[in-house]
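> If you want the building blocks of each chain, they are given just below.
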Amino acid sequence: MNSSALIHAVIDGVLTGSVYALMATGLTLIFGVMDIINVAQGIFVILGAYLSYALSVHWGIDPFVGLVITIPTLFLVGIVVERAFIGRLKGPEKTAMSILVTYAISLVIEGSLNMIFSVNDVQISASYVTKTFRIFGVYFAYIYVYGFILAAVLLTALYLMLYRTRFGASIRASLADQTAAALVGIDVKRVSTICFGIGIAVTAAGGMVFGATNAFNASTSYDLISRLLVIIVLGGMGSLGGALLAGILMVTLEDIVGVVWSPVWSIIAFYIVLVIVLSLRPQGLFGKQSARIA
Amino acid sequence: MADSDAFVRFTGVVAGYGGGDVLKGVSFDVPKGGVTCIVGPNGSGKSTLLKTVSGLVRPRLGEIWFKGTQLVGLSPKEILRLGVVQVPQNHSLFREMTVHENVELGAFLVKDRKVIAERMDTIREMFPIVAERAKDKAGSLSGGQQRLVEFARCLMLEPELVVLDEPSMGLDPKTLRSMFNTIKMMNSVGRTVLLVEQNARQALRMSHFGVVLENGQVRLSGTGSEVLNNPEIGALYLGGSIEETKHVA
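Protein sequences appear in the order of chains A and B. Going by my numbering, the first sequence opens with residue 2, and the numbers climb by one from there. Going by my numbering, the second sequence opens with residue 1115, and the numbers climb by one from there.
Hint data in this document are derived by calculation from the structure and do not stem from the laboratory. Backbone N, C-alpha and C define an ideal beta-carbon position, used for all residues, glycine too. One thing to keep in mind: the hints can contain errors.
A few chain B residues facing chain A, derived, Cβ under 8 Å [claimed, not checked]: (1) PHE1142; (2) GLY1187; (3) PRO1190; (4) LYS1191; (5) GLN1200; (6) SER1206; (7) ARG1209; (8) MET1211; (9) LEU1219; (10) PHE1222; (11) LEU1223; (12) ASP1226.
Straight-line alpha carbon distances no greater than 25 Å define the calculated DSS-like cross-link-like pairs of lysine-lysine that follow [unchecked claim]: (13) B:LYS1146 to B:LYS1288; (14) A:LYS190 to B:LYS1225; (15) A:LYS190 to A:LYS132; (16) A:LYS91 to B:LYS1191; (17) B:LYS1228 to B:LYS1288; (18) B:LYS1298 to B:LYS1288; (19) A:LYS91 to A:LYS190; (20) B:LYS1298 to B:LYS1225; (21) B:LYS1228 to B:LYS1249; (22) B:LYS1146 to A:LYS190; (23) B:LYS1225 to B:LYS1249; (24) B:LYS1249 to A:LYS95.
Stretch-level coverage of chain A by chain B, calculated; a stretch enters the list once three of its residues show a Cβ under 8 Å from a Cβ in chain B [to be verified]: (25) 167-179; (26) 185-195.
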């Protein structure tokens, strides 16, 4: 076994896994507060990637600088989608219906992206995407480190918002018990709308890093959403800490199995781990019955 | 119209869930400054009635007046702003949040941090458990302790009307006594209390006023002791029915 390849696998797992965790955080936040399974999260990531790509190609805006535009844009898109479609879902079938509604939204966005950008693969380019540095004898592109720092900053900001602000307390309260939250004066509907906006906004950052490290087109979203759903199921639906750990675990395990055994078995190994964990802990690593943010 | 004269006035309230009506024309007054206890058999509409006060259930017909303001049609948040706070039947603390966070959320509608801090100090004095277990997760408290913290939380808004839905549910006899004493204490510091209780005799004993609900209608009302000593209330709780509405007050 090549030790440098193993080191590469572990470092890549942490760096890339944190970006997956960021994308999955939006998904788990939306489920935790609203009981909505947003299967459009994958296409929102790709939408974020295309926005960064378009800003870079047409206006020469650096992808990281472009986040100043793409994050608020996707936040607003999230608000509009929640007001127009998601917020109208009510009753005991709400969660099941949300899968159908968000799948329909996903198809509309996918079709639109195909019309605008064609089905050909593209990739976001910048100097740090190809430029590399050496650590423990292994070469990494700077974009992986920058992407990790971005994910760490945003996840920390999200954590501080949740645990150090009144609005964060209202989110956690809504997540735990919507009726009790309403009885202390929290506007649960407003909290839900903003949470959906935040959940979509983080895809702008995740999408930019994904688009800079992978060639993509609109249909790439299918692979993404399956991974993101698996991450939040493994981490525990609604658990932010769980999403972080599961994201890193998924990529690290895939990379290690790819190095030690064979790339063919990479993703299969992860699903085997998922099945084992869920058979022992059906609620996932950090999932809880009563309160789902950990 | 004398609506503004009553502290709380229910007039012909009809409400329910889906297509069915649980409340079928409830009318009575809640006087200011006292403890009013609503009793009645399971399914008589007691909890539904309280939910109409706090805005969780909107009546199909009828009116609910609080100090001259119509509550029907207002959101729970708007009703809170008027000074009406409800502690629901099931434990409503946010289990993964600390005791301190839970109590502080009781003043969610108060923006002034200084005011919140002052009220926290007062609450800590009234409910020592809020200080003693401040950093513990609310879910780690016993049922009785959780109830006390719920009471503490509801007082953070300095409400004029405290609405309690079966506060004794699931409590052991010793904790029950302590809980009733706490309700008396809340009343003694100026809060009007409207409560629903299954533990009817004990609750009526400490209440100034009593209302008996049966099949979504008021069957009996009066002072707490009058309702308690009415011979027909026993029949009602044994599964019988009072044949006609009696106002013994």
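> All hints are to be evaluated individually against the structure, with a verdict given for each.
Do the hints match the structure? See the list:
1. PHE1142: PHE1142 of chain B check fails; min Cβ-Cβ to chain A is 23 Å, beyond 8 Å.
2. GLY1187: At about 16 Å, which exceeds the 8 Å cut-off, the nearest Cβ of chain A leaves the hint on GLY1187 of chain B violated.
3. PRO1190: holds, 5 Å
4. LYS1191: It holds, given that the least Cβ distance between LYS1191 of chain B and chain A is near 5 Å, below 8 Å.
5. GLN1200: Since chain A brings a Cβ to about 5 Å from GLN1200 of chain B, closer than 8 Å, the hint holds.
6. SER1206: OK, holds: SER1206 of chain B within 8 Å of chain A, min 4 Å.
7. ARG1209: holds, 5 Å
8. MET1211: Holds, about 6 Å.
9. LEU1219: holds, 5 Å
10. PHE1222: holds, 5 Å
11. LEU1223: Holds. Min distance 4 Å.
12. ASP1226: It is violated, given that the least Cβ distance between ASP1226 of chain B and chain A is near 12 Å, above 8 Å.
13. B:LYS1146 to B:LYS1288: With a Cα-Cα distance of about 29 Å, the restraint between LYS1146 of chain B and LYS1288 of chain B is violated, given a limit of 25 Å.
14. A:LYS190 to B:LYS1225: holds, 20 Å
15. A:LYS190 to A:LYS132: violated, 46 Å
16. A:LYS91 to B:LYS1191: Measuring from Cα to Cα gives roughly 20 Å; hence the hint holds.
17. B:LYS1228 to B:LYS1288: violated, 37 Å
18. B:LYS1298 to B:LYS1288: holds, 16 Å
19. A:LYS91 to A:LYS190: Holds, because 12 Å separates the two Cα atoms, which is no more than 25 Å.
20. B:LYS1298 to B:LYS1225: Measuring from Cα to Cα gives roughly 29 Å; hence the hint is violated.
21. B:LYS1228 to B:LYS1249: holds, 21 Å
22. B:LYS1146 to A:LYS190: Between LYS1146 of chain B and LYS190 of chain A the Cα gap is close to 33 Å, so the pair fails against 25 Å, i.e. violated.
23. B:LYS1225 to B:LYS1249: holds, 23 Å
24. B:LYS1249 to A:LYS95: violated, 35 Å
25. 167-179: That given contact holds, which follows from 7 residues of the segment 167-179 of chain A lying within Cβ reach (below 8 Å) of chain B.
26. 185-195: Held - the segment 185-195 of chain A has 4 residues with a Cβ nearer than 8 Å to chain B, which meets the minimum of three.
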